[in-house]
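Each step along the sequence shown adds one to the number in our numbering, with nothing skipped, and position 351 is 337.
Where hints are given, some of them may not hold.
As the list claims (entries may be wrong) - Using C-beta positions, here's what the derived DEER-type ranges look like:
#, residue 1, residue 2, range
1, 149, 57, 50 to 60 Å
2, 176, 240, 34 to 44 Å
3, 240, 469, 45 to 55 Å
4, 420, 287, 42 to 52 Å
To be clear, the hints were calculated from the coordinates, so they are not data collected in a lab.
Just so it is clear, CB atoms sit at the ideal spot from N, CA and C, and this is done for glycine as well.
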Amino acid sequence: MSVIDVAIVGAGFAGLAMAGALRRAGRDDIVVLERADDVGGTWRENTYPGVACDVPAHLYSLAAHPNARWSRTFAPGGEIQAYLRDVAAREGLGDRLRLRTPLLGAWWDAAGSLWRLDTGADEPLLARSLVLACGRLTEPHVPDIPGLESFGGPIFHTARWDHGVDLTGQRVAVVGTGASAVQLVPELARRAGHVTLFQRSPAWIVPRGGDDIAEADREHLATHPGDLARLRADLYAEGEQRYASRSGDAAASAAARAVALDHLHAQVADPALRAVLTPDYAFGCKRVLLSDAFYPAVASDAVTLEPTALAAVDGSTLTAASARSHDADVLVLATGFASTQQPYADLVHGEVETLAAHWSRGMTSFGSTVVAGFPNLFVLNGPNASLGHNSAVLMAEEQAAYVVRALCERDRRSEPVLRVRPEAEAAYTDEIAAAAASTPWLTGGCRNWYVDDRSGRLTLLWPGTVQAFRERLAGTDGSEFEPAHAPHVGTAASGIAPATPAARPTRATAPAEPVDATPTLHPTTAAQPTIATPAHPHA
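Turn these sequences into a full structure, and let the hints steer you where they fit.
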């Protein structure tokens, strides 16, 4: 039975970035496993009205595949999906990309120094290394609301939008006021008979800006790649500057908070409505949202804001925590994703336990990419690999580059196995904890999806800039891995028994959501095209 060098699970941004990095490094013996019938990940699954990226499109793209043809400053979801299809084609993956091929289980084979992957085929797929490149915005989180199953009309999550339901004239209830709802509600306000919006807590919202990109500007960028590169560099630098306001710098946070409050006051005239739309927690504690359309929609006659959570459902009657009742024909759950869990974690069996069991004590790793007890396993979009100020694609690319360097280190050692030292993982975890200790994510007075409720640690966000992450990974020298020929789990010298393959497990639930940024475009040369400029660069 043949053995593949690297198996990648997931064909969204991270999986395609990983495949491309390996191929450019001359490592063509790869396979990309995708459970769905198309690439795209988040952008394949999320198709609700108004879905778009909240990072400037020219930066929300792979460095190896810059795109001059984005139609809008913030690309619609369908356009991003088309871009990822094009990336897969340009990478020439061919039969290396296996669609409709789910990962049903993965077991580390200590004797063979490889991973045995169950994809439902008659024979297991064997791979020397396994890369989990599974996004956090594909599987819905459905809240436990008493009576939810009694609702008589259509009910669906934003990530499972039912395009067969005609909302014209319908009473639509939306649960949640996060990133998806902020994009969705203005669209529903134009289509539905009436919208009732259940808000557990308000979000900090800053101006979005941006607009259609003129065809002349697209053509200019397509024919002047240097200008496209400078535009990407400007957007990257502006994103890095936003880290200060998101992470608790007093002056930057105060300035950004003022921008958000000015935005609210400019768009909502009713002081009582403004009051319930004003957060009572620190700027940056939760994900900062971008919208120019949400506040006007909520302030219109088409929307009723219920400023408390949905507490119970009884048929078509929805009861809020305030005890007020609202009737609805359609119920939409804009309730996010299980962000502090990881797709496939309960399917991956390491040397002594599953990845889910290892992370049940808190999600930990080294370099946000490798995990003690899981040889030759790499996790993209893993612990502390997400951002709240810049493009998540940048982080996936840095992780992919680290994986390539790690595999080169394995080859240099002439050793089939890379095992991260538990001490290295613990030290990295302590670094993260120290960097996060005084940030609003932990001290800002809110409950957010960045923090693992089990451990109380920041486990989703990287508490630093992209440049700091790049330097942290680039500064590794291989010492994070055990020395060659060191005793390991499953040998007599280690004193630890290897894991025993279990029966085929049920499929894991995949989680949560990426990145937001408040972008601006500041052309640095006269040759750059005139592209719509989002307002408020300091938000």
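Evaluation of the provided hints:
1. 149 / 57: 50 to 60 Å: 21 Å, violated
2. 176 / 240: 34 to 44 Å: 35 Å, holds
3. 240 / 469: 45 to 55 Å: Roughly 50 Å apart at Cβ, these two residues keep to the hinted range, so it holds.
4. 420 / 287: 42 to 52 Å: 51 Å, holds
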